[in-house]
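Asker: Read off the chains here:
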Amino acid sequence: MSNETLAVPRRDTRSFSLAGLADRWGLLGFTILLLIVAALATPSFLRPSNLQNLLTQAAPLGMVVLGQTFVLLVRGLDLSVASTMATAAVVATAFGATSDAIIPAIFAVCILFGLAVGAVNGLLVTKRRVSPFLATLAVMIVLQGARFAYTKGSNSGALPPGFRELGTGMILGLPINFVALVVLALGLAAVLQLSAFGRRVYLVGGNPRAATLGGIDADRVTIACYMICGATASIGGLFLVGYVGLVDNWTGRGYELDSIVAAVMGGVALTGGRGTILGALLGVLILVVLFNLVILLGLPVELQLIMKGVIIIVAAGLYVTRIGRLS
Amino acid sequence: VATTTAIRPRPALQRAWILLIRQLPPQLPIVIGLLVLLFVVGATLASRFGTARNLINVFEQSAALGFVSLGQTFVILTGGIDLSIGAMVSAAAMLTSGLIDGEPAMIAPVVVGVLVFGATIGAINGALTHLLRIHPLIITLGMAAILQGASLLYSRGPIGKVPLGFDVFAFGRTFGVPHGSALMLALFIIAGIWLRFSRLGRQVYAVGGDPEAARLVGISRARVLIIVYAVSGVMAALTGIYLVSRAGVGEPMLGQGFDLASITPVVVGGTILAGGRGGVLGTLLGVFLTSLLNNLLNFLDVSTFYQWIIQGLIIIVAVAAYVERQRHA
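Protein chains in written order, with this note's numbering: chain A, 1 to 327; chain B, 1 to 329.
If we strip away everything but chain A, and leave its shape as in the complex, we get (with noise of 0.2 Å):
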């Protein structure tokens, strides 16, 4: 049955098509391009505390990418992302700072919350056929208001001491936290190319339609990956208040926009169905290398802005004109 379904003619999506290869390789081949110049502009950009720091600082944004793509793979788009990573936050300070033998359970509650968040995220979208960007939207807006209630507005709480080593500590040279993405996107990389979940994925993604008429239940496919959009935001944001220190209410504000255009530049199509998560993580790195070469340039930190509005442009426009091409 799964090898039937491989043989299918389709836009592939694999590693080992001509097309998918060009798509990889230009995008990889960009990544190192932009890395040799960075490391001629200046020179402190290759010195290894400054890797680290890049790194650590990538970990949480690239743990929401992952999500990200899973729903942008079925024509979606989470909003909510920023929300769910600073309320998984606040969730977590209910616990109280007593000890770090509670970060597994306090990981588990709030990997829970975000699988809720997730799925009425994928009901609302599926079965009440809002549009992805509204749909997240009013639960952004919801869960804003409900964190806010709850916390009255002030960055309360603490969290057990072992989170801000989660956050910031190394292991063998690595930044922890970094680790900690690499597994989970091995993981989630796995699961969409591996398993047959992961082609109902491209298949819903890529043609509704289709899958629905070949047996596919759509809509299932579409709330798992909302939920796992969820689930990664919260250990996201988890991860982010763990380096950043301190729980906000604000915690991954902009983490939503940063989160489509990373998986957008790193050619996770809009449009569904195509895209990958070595691609999205790749997009990651540019995105957070072109900001640290701001920093270490010493130009204004409005220029960060101003050159994400860019980027988003012309890859985004560069990357579309080159599928169009290819396809």
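Hint data in this document are derived by calculation from the structure and do not stem from the laboratory.
Do not take every clue at face value.
Pairwise CB distance ranges (calculated) [to be verified]:
hint	chain 1	residue 1	chain 2	residue 2	range
1	A	246	B	298	58 to 64 Å
2	A	128	B	183	33 to 39 Å
3	B	199	A	297	50 to 56 Å
4	A	41	B	153	51 to 57 Å
5	A	190	B	307	39 to 45 Å
6	A	32	B	103	49 to 55 Å
7	B	156	A	310	46 to 52 Å
8	A	254	B	306	21 to 27 Å
9	B	183	A	246	42 to 48 Å
10	B	52	A	94	44 to 50 Å
11	A	165	B	298	53 to 59 Å
Glycine included, every Cβ here is placed at the ideal spot set by N, Cα and C.
The hints should help you fit chain B onto chain A, whose structure is shown.
Answerer: Leaving out everything else, chain B in the frame of chain A:
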């Protein structure tokens, strides 16, 4: 309702009215019902809510939301979205107070210049949306980042000042009618007529409703997109000028939140995000509904936090209810 079922030929003006009523979105009765319900509930809960004085205040305060929502309606009708509105409002406000800088003689040229600036940025949004064939969400987000970054480079805090009397736009009233809201109402009427009866108006609906058909009948998608995004840009710039008139100075975060806020009235008013259906009348009612609700919640001392929750729930309920209706229709 009775007029729409009559068969006898009617004079042109009356036919136009019938045409207008027939083209109204089916969601309008819901919005009107909600408005009435809100008014009755509000008047019962808070004694001063239903007074003419309060209602005129609500009307006055709805001007800014009205401007941005009007522009957003044009864009959404083509199936697009403009998320650069908030940043455009900030940029326009900063340019207004920064360039006028207390000089009365500069008011006219700066106001015109800022409106042209808004139109130009909007036109670029539209042109890029057409040329690059990426979702306008991405394009306008990119433009928002560029505008916001440029605004912050210009100044990290409030900049410039406006002469005394510039606040006549926001706070002035003629025969008891607030100027800003009167302008808003006038713009809504012009926009409504333009969309319903002009060639371009029909093209806007065509591009949003069925892009392929629109292309086949020779409608220039580029032209339509450039115009609707330019309209949105002008309205955002106007909002920036209005806010300077209200606050006395422009600052880089003044427009924050306006892009998302501008979507709520449009959607509540029955315009569909996919494009091609809806209209400015629904948006106007949506603006009143949103403003009236916020006013009532303030009267009831409901904290901003719960207001957010309510706003989110309204979007969900409105959209979910409309979708259900469409499926049955």
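Asker: Does each hint hold? Answer for all of them.
Answerer: We went through each hint and held it up to the structure:
no.: 1; hint: 246/A to 298/B: 58 to 64 Å; result: 31 Å, violated
no.: 2; hint: 128/A to 183/B: 33 to 39 Å; result: 37 Å, holds
no.: 3; hint: 199/B to 297/A: 50 to 56 Å; result: 51 Å, holds
no.: 4; hint: 41/A to 153/B: 51 to 57 Å; result: 21 Å, violated
no.: 5; hint: 190/A to 307/B: 39 to 45 Å; result: 44 Å, holds
no.: 6; hint: 32/A to 103/B: 49 to 55 Å; result: 53 Å, holds
no.: 7; hint: 156/B to 310/A: 46 to 52 Å; result: 21 Å, violated
no.: 8; hint: 254/A to 306/B: 21 to 27 Å; result: 24 Å, holds
no.: 9; hint: 183/B to 246/A: 42 to 48 Å; result: 45 Å, holds
no.: 10; hint: 52/B to 94/A: 44 to 50 Å; result: 47 Å, holds
no.: 11; hint: 165/A to 298/B: 53 to 59 Å; result: 45 Å, violated
In this structure, the earlier hints numbered 1, 4, 7 and 11 are contradicted, and the remaining ones agree with it.
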